[in-house]
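Residues per chain, in single letters:
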Amino acid sequence: MAKVHVSTTVNGQPMDVLVEPNDSLLDTLRDGLGLTGTKEGCATGDCGACSVMLDGRLVCSCLVLGAEAEGKTIDTIEGVADGDGLHVVQQKFLEHAALQCGICTPGFIVAAKALLERDPNPDETTIRYWLAGNLCRCTGYDKIVRAVQDAANELASPA
Amino acid sequence: MAEAVDLKAIGTRPVRPDGVEKVTGRANFGADLNLPGMLHGKILRSPHAHARIKSIDLSGALAVDGVLAAVSGKDIPGGGDLGDNVLANEKVLYHGHAVAAVAARSAFIAEQALDQIKVEYEVLNPVLSIDDAIADGATLVNESQHTNGDTSQPASNVAAVTKFERGDVEKGFADADVVVEGEYRVPTAHQGYIEPHACTATINEEGKATVWCCTQGQFDVRSMTANCLNKQVSDIRVIPSEIGGGFGGKTTIYLEPVAVKLSEISGRPVKMVMSREEVFRATGPTSATLCRAKVGAKSDGTITAATAWLAYEAGAYPGAPVGPGCMSVLAPYDLENFRIEGRDVLVNKPKVAAYRAPGAPQSMHAMECAIDDLARELDMDPLDLRLKNAADEGTVAPYGPQYPAIGLRACLEAAKVHPNYTTPPAEGQGRGVAVGFWFNIGMQSSAEIRIAENGAVTIMEGSPDIGGSRASMCLMAAETLGIPYENINAHVGDTEATGYCNTTGGSRTTFATGMAVIEACEDIIAQCKERAALTWELDVDQVDWEDGQAVPKPGVNADVKPLSLADIARSAGRTGGPLLGRASLNAQGPGASFSVNWTDVEVDHETGKVDVKAFTGVQDAGRAIHPSYVEGQMQGGAVQGLGWALNEEYIYDADGVMENAGFLDYRVPVTSDMPMIDTQIVEVPNPSHPYGVRGVGETPIVAPLAATSNAVRDALGFRINDLPLSPPRVLAAIDDNE
Chain A
666 MAKVHVSTTV
676 NGQPMDVLVE
686 PNDSLLDTLR
696 DGLGLTGTKE
706 GCATGDCGAC
716 SVMLDGRLVC
726 SCLVLGAEAE
736 GKTIDTIEGV
746 ADGDGLHVVQ
756 QKFLEHAALQ
766 CGICTPGFIV
776 AAKALLERDP
786 NPDETTIRYW
796 LAGNLCRCTG
806 YDKIVRAVQD
816 AANELASPA
Chain B
11 MAEAVDLKAI
21 GTRPVRPDGV
31 EKVTGRANFG
41 ADLNLPGMLH
51 GKILRSPHAH
61 ARIKSIDLSG
71 ALAVDGVLAA
81 VSGKDIPGGG
91 DLGDNVLANE
101 KVLYHGHAVA
111 AVAARSAFIA
121 EQALDQIKVE
131 YEVLNPVLSI
141 DDAIADGATL
151 VNESQHTNGD
161 TSQPASNVAA
171 VTKFERGDVE
181 KGFADADVVV
191 EGEYRVPTAH
201 QGYIEPHACT
211 ATINEEGKAT
221 VWCCTQGQFD
231 VRSMTANCLN
241 KQVSDIRVIP
251 SEIGGGFGGK
261 TTIYLEPVAV
271 KLSEISGRPV
281 KMVMSREEVF
291 RATGPTSATL
301 CRAKVGAKSD
311 GTITAATAWL
321 AYEAGAYPGA
331 PVGPGCMSVL
341 APYDLENFRI
351 EGRDVLVNKP
361 KVAAYRAPGA
371 PQSMHAMECA
381 IDDLARELDM
391 DPLDLRLKNA
401 ADEGTVAPYG
411 PQYPAIGLRA
421 CLEAAKVHPN
431 YTTPPAEGQG
441 RGVAVGFWFN
451 IGMQSSAEIR
461 IAENGAVTIM
471 EGSPDIGGSR
481 ASMCLMAAET
491 LGIPYENINA
501 HVGDTEATGY
511 CNTTGGSRTT
521 FATGMAVIEA
531 CEDIIAQCKE
541 RAALTWELDV
551 DQVDWEDGQA
561 VPKPGVNADV
571 KPLSLADIAR
581 SAGRTGGPLL
591 GRASLNAQGP
601 GASFSVNWTD
611 VEVDHETGKV
621 DVKAFTGVQD
631 AGRAIHPSYV
641 EGQMQGGAVQ
651 GLGWALNEEY
661 IYDADGVMEN
671 AGFLDYRVPV
681 TSDMPMIDTQ
691 IVEVPNPSHP
701 YGVRGVGETP
711 IVAPLAATSN
721 AVRDALGFRI
731 NDLPLSPPRV
741 LAAIDDNE
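So the sequence lines, in the order shown, correspond to chains A and B. In terms of the working numbering, the numbers along the first sequence are unbroken and rise by one, the last being 824. In terms of the working numbering, the numbers along the second sequence are unbroken and rise by one, the last being 748.
This is chain B alone, in the form it adopts within the complex:
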């Protein structure tokens, strides 16, 4: 990449282009659409965590005045596990699993009509923990599930086993002067987006459907909905609304095929909006985990061997993020000997969905707690121990590839001299350090640049803006075109209005879609140079683009005035037609992002409450396009991580019913729980991006779990291995320790 110098737009902090709509209530989110003649759909959900469906009778619901359609699992013929999760077929696999749905004139009538649906169940034993699921003779969530598909072995709740290994682990531990190990549990957490899932669907007599919904990826909604309904992607248009948070949880579908089917039967548009309780019981969450970590080191801190054994709850269908959990657990370290083993474990709980750096917070919680114990055993500063073993450019990552330039060492060094670190924690407080990591992804993106006749620039792309990415797109376009940010607007198109983009996820949008925007701007510049050459009767290679204007190259003898984008746009009709730039790509080299976090806590020994007194995040952003939104990612991810560390957990009763399916009892952090979240952006440019961008969105949630756990360890003088460090757990541990 070109080492970007003299950046004018990038690195500034302008107001986002969609800002006014969002502070005035005008922006339309998933539940805000209303269509003439629209019906309201509601879902009947399983009262059992595990049961065989013997029969479903919809006739009672259909007899209710105002009900126009009802569906059950057989109406969703495709989609495999996804379709079975949308509406159950032979078995219900968790409490809250969707069983049937109705559409009625009002949401109230629909809700009442659900009571008239008769479902006969044969209730089965639920499998509710990893320990139960992997025990000999365990009840099977899915009788035809064999580990890694090996049907020569008996069916198992372990859907897959993954292994990564290098060197000679036994010799490594034998060479160590100090060995530490531990077993750690992290509970199920929900993404907790404030906007419940919502969609509206309509389908016409030709079988063409239109779906409006809040999603991280309209193209994935299109393909998933098409699969569930055995339709072609070209039969479905998906129009993304503004999205009220997702964090990975809105990368899949729950309602859309049901709404389309109800619309098909009723001939009317159908709107479906989940309640918060439904969101908790039947969407998201991420995996609860049981992780074992073991690390050995020489007395100088050199790590000689490490092992990780990771078991992740997948929920009712295979697909826990244990792969990325394995791949991230030792990613910050340059190691000769390690062994990592992961298990994807079925339980009778909701099918897990992606949650910000899926899989990494749990496995890295285990390893970063063990590394902290190692630092204590070695009497080393925890940053020094990590510096001693840090991966760097050229290190072969534990998961395979050789790292290009990465910012881990730069983050650790920045942390060491940060005033929040050099100042010791206040009397009575504890401090804990941890490192975070996320791979980031590239993948496919498209962008178009349209120039209006006054020179105003419209970006059309397909990545739903979940946290200010329109501003980043406009900044990169302003930088590339050399024009003011204010002259540019960015739009997220629907599946018919814009080229294909992979889902907003994997921290890919500013990196990959940004790259498409930059290339589309370069396309515009090339066209503008041609138009200027035509106007000036010069060769195109005699024209330059400088500061947003076409100018003759130095030494070219031409008595002409520079032509601005507006000048060229105004006369575009005479020089070849409208200016339209485009680019599509499959972005490579997303560039891993590392972070270093530390938490300062105070523990109330009477109540067990852990108070976060200070938190600092240092993270490599490659290049911060809009620093406020990079900081925002760091702060928001940190607070999600702190919530998970301190309070958030799914609590189940013995029958597998979630007991805290609301924001009162599933307690996400509120304003008064938190201090200011200090951030320092480190910039080690990503060599694969024109401006050096790395994804930044996911890494921030990874380290706060272990950093906070380590801080509580520091404050108490002993370790509590499991999360959350909620008042009851901490108080019990204090009592046990006395």
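For reference, chain A alone in the conformation it holds in the complex:
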């Protein structure tokens, strides 16, 4: 199979990458671009560990082809913290001990940030349903939900 040339924008940077036609966007990010912060937990869209933003929409990158990234804008966990420091969602995950092993954490942070951009004041039920596509086997979700609630509060009234 001939490789496909893809021009795309990842975390604000224009990038060119050659992909196999059957590579997923997850493969492209991890193996083609070396962005291994996005994780594979299932490759079937069930666990959310590979969550990224594609043109501003939360997707499982394992369910998108790498070739589909042509001309699109992709944001991954590597782009969540800006030069000034951690994003408030990242900071709250740390303060609330909302991670144990940390493999699901990039996906949860990408998903939680997307939620707060869409709904800055979500109630607990909204948070729980928005994050229902991200599996965590360590925390029982309690501290993750609290971290997201606290992040929302802080974004609403910065300390």
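Honestly, the hints are just simulated from the structure, not real lab data. Do not rely on the hints blindly, as some may be mistaken.
A short, non-exhaustive set of chain A residues, derived as facing chain B with CB atoms under 10 Å [what the hints assert, rightly or not]:
#, residue
1, Glu-685
2, Asp-692
3, Gly-702
4, Ala-732
5, Gln-755
6, Leu-759
7, Gly-767
8, Asp-784
9, Ile-792
10, Ile-809
Predicted, not measured: the structure shown is a model, and the values here were computed from it. Don't be surprised by glycine CBs; every beta carbon is placed ideally from N, CA and C.
We have chain A already, so just place chain B on it with the hints.
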């Protein structure tokens, strides 16, 4: 132990030292390593649950462009059952059993090449349940397996029978006013770590291998891989990556010897990563079980006798956790008469691996359901019934030892006055109570403390950090050294970089490796006192260590300023060289951890769906070093237990093929399934640990099964004995009951 007073660091909740790496995507997990020239390995797996391998022909795969190596069972010459599980030899013993492997330029080519391997099978009848396995004339999973190795008896699928007995059980039941009994089935569950198994291996021309992998124990990977390949442990260096969950499932090996062998043949590094489907079909899981429990009591609640009959599926090779199942089933109780019998049963399913408190959730589900029925028969509060019979300091545990200080009674008493308990369940909801227990283990650990020239402290130890243990190590070091937590970092070393540590398992890390860290800090303090004495021209016994500084002892006449760790480190070259503390030990007295859980549920009578409305866990942590991570263990274990109680199960077809080998159909709890998980930490210090630590990681998964089962019993007005309490089972039971 010293009753720790005025703790400054321990009990606080700082950010973990590896946190920023993990929230930014920088942390490297098992599949994240790439090496120049690296190949990708893939495994061919058995399409049959039970078959004899007549021949394997790898030539077709080797002819594929881009394939550089292929191996089969004969390439893994050692390791016994473990090696046979890594790559099958004479028989395949479960659907998904590894048969052969290839390494190719890409994972895609490797996968395609697997289709070119020719395997001839003679298909055999699969043994798929305990009932089938123990029936007369059952097909044998292993024709040379005899119960307890007794070759005077015919071969059997029962690999072992274990018994524990005390007193006169028959008399005990005769003395009882009330006797209850039941038979309970718990399904196979998977640990469900989100990170699939992954490793990368390379081996050089001298036969020295390096293996990078996600594991709970790099030293066990080293010895197991060496055994499988008939190599020496000193031939293999194992570098643990960050680990994306394990729960016991990453205490063994599957890929590592295969990757080393493929590297040896190809001369290139080989990376192997499992798919989720492979993880379900061929790793983990824990035992499905059939348990019978019987309890008798006087009308005042005093238990007069109890029996447990436990049969655990081992999968394809002996080694179900039925021993710990037997030892835990009655551990919370002070009993005169009991009999416990366990069976380790071979079936054509994956070889079971440890899963959080291995064996205890299943047996204690049975007994804690029976105890709940007993409380109903006696019209007693279920906590009062347990308080009446609770084991305490001095009780001889059913499994042998006499308990030192334990926290069961404290947990039960805390539960009784907990507002979540004193408030009755809401209208239409049911509540169920159960007790949990885990032994915990100690074993071997090593730690080194290195002091940088600015006084910063580096801990080097060998226990993979699976849930925040680096933070616990830094807190114990901060407490012992008397310096700020922020000045300390902790690292998990590879097998060449750090002293031997047993695997992260048995809830041992904060207890045992923590103890090594504390002793290594004490070593540093002793050295610092010597250096200060040298500097001040005093005797070392004239120097104290206080608040992170060397000071002259009270009454010593010396006009000197205190010397901080940084002061001493800066001038270490003039006082004897770098500061390096170390300790190695075999930790004794891990201290059992007890818990009390209760679940509040609502059952939808139209769909059979059980909704968890509230859950509370009370557990003895001995001493919570970092309370957030103790709570995290309690909450995470609870939700794993709730998933097992409500939905998780391996579903097989008649040929022994797992039908739900993915997260869509093997349904672990998601965020929207769960309420907040309330926790209360009880602290009854462990007398064997300097700060009183008990392991906390495993106990939390034990009680939720029975607590939830008992809650559904309470909500429905009748009991469903088997798990999971999934909508189809609950709906069928409701229909049957009407």
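Structure-based check of all given hints:
1. Glu-685: Nearest chain B Cβ about 7 Å off; hint holds.
2. Asp-692: holds (9 Å)
3. Gly-702: This hint holds: Gly-702 (chain A) lies near chain B, its Cβ roughly 2 Å from the closest one there, short of 10 Å.
4. Ala-732: Violated, about 15 Å.
5. Gln-755: holds (4 Å)
6. Leu-759: This hint holds: Leu-759 (chain A) lies near chain B, its Cβ roughly 4 Å from the closest one there, short of 10 Å.
7. Gly-767: holds (4 Å)
8. Asp-784: At about 15 Å, which exceeds the 10 Å cut-off, the nearest Cβ of chain B leaves the hint on Asp-784 (chain A) violated.
9. Ile-792: holds (7 Å)
10. Ile-809: Because about 7 Å separates Ile-809 (chain A) from the closest Cβ in chain B, which is inside the 10 Å limit, the hint holds.
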